[in-house]
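Taken in sequence, the protein lines are chains A and B.
All the letters of the first sequence, read from the start, carry residue numbers 1353 to 2031 under the numbering used here.
All the letters of the second sequence, read from the start, carry residue numbers 76 to 238 under the numbering used here.
Since the hints were derived computationally from the structure, they do not count as laboratory data.
Don't take each hint at face value.
[To be verified] EDC-like mimics (lysine to aspartate or glutamate), calculated; alpha carbons at most 20 Å apart, straight line:
1) A:1476 <-> A:1581
2) B:121 <-> B:196
3) B:121 <-> B:212
4) A:1945 <-> A:1902
5) A:1799 <-> A:1846
6) B:194 <-> B:220
7) B:121 <-> B:153
8) B:194 <-> B:144
9) B:194 <-> A:1986
10) B:224 <-> A:1478
11) B:224 <-> A:1962
12) A:1716 <-> A:1622
13) A:1945 <-> A:1923
14) B:224 <-> B:160
15) B:194 <-> A:1902
16) B:224 <-> B:153
17) A:1921 <-> A:1952
18) B:224 <-> A:1399
19) A:1716 <-> A:1581
20) A:1476 <-> A:1356
21) B:194 <-> A:1399
22) B:121 <-> A:1756
23) A:1716 <-> A:1646
24) B:85 <-> A:1720
25) B:85 <-> B:124
26) B:194 <-> A:1958
27) A:1647 <-> A:1756
28) A:1921 <-> A:1986
29) B:224 <-> B:124
30) B:162 <-> A:1756
Here the structure is a predicted model, which is why all the values come from computation and not from measurement.
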Amino acid sequence: MIADFGYGVLVVTFLLALFSVGTAVYGARTKSYLPERGRSQSGRWAESARRAMLLTFPLVTLASLALIYLLVTGQYGYQYVYSVTSNSMPMYLKITALWGGQAGSLLFWSWLMSAFASAVMLRKWERDREFLPWVIVVLSLTLAFFLALTIFFENPFASWWQTASGEVAAMFRPAGALPLTPSDGMGLNPLLRHPGMIIHPPMLYLGFVSFVIPYAFAIAALITGRSDDRWIRITRRWTLVAWLFLSMGLVLGARWAYDVLGWGGYWGWDPVEISAFMPWLTGTAFLHSVMIQEKRGMLKQWNMLLVILTYDLVIFGTFLTRSGVLSSVHAFAQSAIGPLFFAFIGLTLVSSVSLLVYRWNDLKAEVEMKSMLSREALFLLNNLLFMGVLIVCFWGVIFPLISELVTNQKVTVGPPFYERAAAPLFGALMLLMGIAPLSAWGHSTLKTLGRAVWKPALAAALVVVAVFAAGIHNAVALIGFGLVALVIFVTLYEFWRGGMARHRTTGENFFTALWHLAGRNRRRYGGYLIHISMVLMAIGILGMQVFQTETQGAIPQGSSLALAGYMVKFDSVAQFDSAGGRNVTRAVVSVYKGDQYLGDLYPRRDYFYESGQPMTIPGVRSTLADDLYVILVDWQPISAIGATFKVYHNPLVNWLWIGSLVFIFGTLVAAWPEKIRET
Amino acid sequence: MQKPGFGRAKFIVGGLLILAAVIYLIASSTQASAEYFVTVDELHAKGSDVIGVNLRVSGAVIGSTIQYDPQTLNLSFEVANVPGDNKEIEAQGGLAAVLHQAVIDPNRSHLQVIYNGPKPDLLRDEAQAIMTGHLGEDGIFYVDELLLKCPTKYEEAVPQQVK
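So that you can see chain A by itself, here it is in the shape it has in the complex (with noise of 0.2 Å):
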């Protein structure tokens, strides 16, 4: 019964979502949207289109609480509710395998969807009405197309069936089938049953799903041919919070995979990784480009052609997840919908480029870009080696495909590739965060430029030379801690400039001045913050790519093993039963540097017993220098041997979680609203 309700409302929302298509393309061809039309007869087809949309974000709500309903009272006869859940999980779990799956996570995009469509739907609209017929078609269609998915491909409310031939899962009762209801479910997978685990999805798809809103704005304004900056002003913020939440969604999945997948590391260049790294990267690069249509009227044309491709993309990045067309660790099960993602994004991208290249020359910058060295320069320059790092990445995922069409032969790159080709360009964008925020607008010459930049210069150098002398040498990690030094001089000193300029002209002591100052210019210094998030967490890659070493060893009680001048001594493994159905095996080693002890570790194994599956968690002693972390890879408890250790030294990967912290400040302050309401 909740099942079929659930799928009728949904069903009836993708209906609802067509109408509003409809009405809301008839309502802009009568140009109802206008106020004084607002009241007539055919004026009333974009307000009902409005409503409509509106209508969307309860619906889906309905559908997605009938499908909790399904999971937390375990009605295993659904097939979705019997692959995500079973009897032992928490009742927390239950609830979020509402993305633990494909089906179901499918629903709660759409959920996102009619959520974020609805909100905008409620922005005060009386300033531009012309475009919302238009988003509306651009927020429509892609809602429908995530509903259709849900409602022909991968319905979450199909059942069990028991037909003459074998187990079937339908929506609707086969010919002659029985239904059928296992009394336990699988479950989620135990690498999934994790804090970072349970937010990092919901956080990806906040981001996906928020840049849709820039996107359907950019299109509007493409269609009614406003070629002003009027759409980036209107979704700067949706812009900013997409791009915080895409953010977050990246480094929650890698604090996951450092914490539970027990490799030492945090990012594997796995194609699923990159495929959410890529939008990050083409809406990073907007966000920049942005100001400088903003400021001086340029690069209109280029960012139309980011948002398009940020749009796409998100798009894509669901695809690649969804349809495993890549052998990934994160990759669910084939299915048909991947050619239907291929469609989808073949015709937005098609017509989108198509409306963009139609009104290119309205589009052309007010004025020409003169200087090199000019601040908007600088930030085409930055937009693009953005564009380099996102074709290196597209580069190495399309690659396997590109080579069997070819030469019919699969190859492959691995994390070196990236690596190799990426880290170039993040050292060229570094550099760029250093010089760039010191360059004038219009015009800048290498004397002007110098003259900002040699103090900071000349201290970064101090630091290159201090690094070297305290016996670094490795070149890669000079440059970088040269690059992450330049950058925090320059920011710390344009707060000095900013604050001390103001200390003299209004009096108010170098602090306060400061906090005024930043009050009134919160994207200019929450992006200065936001830089300075981005080398903090330079300095936990640098230390984990240039420094990280490791041992691995089988060791009897009582005997230790040697790393980076640590000592990890096997004291004990001790085997139980916890809660959640495991099995849990848990060494306790303690950890010396030289004679000094410095506390206890608990590396453990946790084996799920109804999925037959086995979790590392490592035990993990961190501090700002450096990580300690132990792994418990095998253990004969009756033998002399003992227990098998991985151990690894992660020098300042703690970095990396502080700057992601400072990110967030940092973006809450640029996206804060001002006082003065901008328009």
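Given the coordinates of chain A, assemble chain B onto it according to the supplied hints.
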């Protein structure tokens, strides 16, 4: 004074230089780190031609051959040939069925592999092993990176009671 159009030209040249740099980075890195995806059959057919080349081989793990020495972390096992093409796998009834068939079929070609490191959690009979490494002159495949997939549990799940 600059000639008209010169400003534009220098930006185009700059952009092309960046593009060239990106292409160079991609081309050289691709060459340095490409791994050829082959099936066990293809590997046997190529034989000595590919000794030392970076390869990625996928195969079905034969549970009875798994040998692991926790002291030295030496892990060895055999894999049976499975098709490399997704469509072919689908046509033969999905990954779980293909892996099962590969393991029980005595006529499939096998490949002996050696890996040094902790035994992965998912290494068991009828798992799919995706192995990166190279073929030694002794005909043994030396694995640097071992990825495992067990499709039966989570992806093609059908209620147990009816099986």
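Hints versus structure:
| no. | hint | verdict |
| --- | --- | --- |
| 1 | A:1476 <-> A:1581 | holds (18 Å) |
| 2 | B:121 <-> B:196 | violated (31 Å) |
| 3 | B:121 <-> B:212 | holds (13 Å) |
| 4 | A:1945 <-> A:1902 | holds (16 Å) |
| 5 | A:1799 <-> A:1846 | holds (19 Å) |
| 6 | B:194 <-> B:220 | holds (12 Å) |
| 7 | B:121 <-> B:153 | holds (19 Å) |
| 8 | B:194 <-> B:144 | holds (9 Å) |
| 9 | B:194 <-> A:1986 | holds (8 Å) |
| 10 | B:224 <-> A:1478 | violated (55 Å) |
| 11 | B:224 <-> A:1962 | holds (18 Å) |
| 12 | A:1716 <-> A:1622 | violated (39 Å) |
| 13 | A:1945 <-> A:1923 | holds (16 Å) |
| 14 | B:224 <-> B:160 | holds (16 Å) |
| 15 | B:194 <-> A:1902 | holds (16 Å) |
| 16 | B:224 <-> B:153 | holds (16 Å) |
| 17 | A:1921 <-> A:1952 | holds (9 Å) |
| 18 | B:224 <-> A:1399 | violated (51 Å) |
| 19 | A:1716 <-> A:1581 | holds (12 Å) |
| 20 | A:1476 <-> A:1356 | violated (37 Å) |
| 21 | B:194 <-> A:1399 | violated (62 Å) |
| 22 | B:121 <-> A:1756 | holds (17 Å) |
| 23 | A:1716 <-> A:1646 | holds (14 Å) |
| 24 | B:85 <-> A:1720 | holds (13 Å) |
| 25 | B:85 <-> B:124 | violated (48 Å) |
| 26 | B:194 <-> A:1958 | holds (15 Å) |
| 27 | A:1647 <-> A:1756 | violated (46 Å) |
| 28 | A:1921 <-> A:1986 | holds (16 Å) |
| 29 | B:224 <-> B:124 | violated (29 Å) |
| 30 | B:162 <-> A:1756 | holds (14 Å) |
Taken one by one, the earlier hints fail for this structure at numbers 2, 10, 12, 18, 20, 21, 25, 27 and 29, listed in ascending order.
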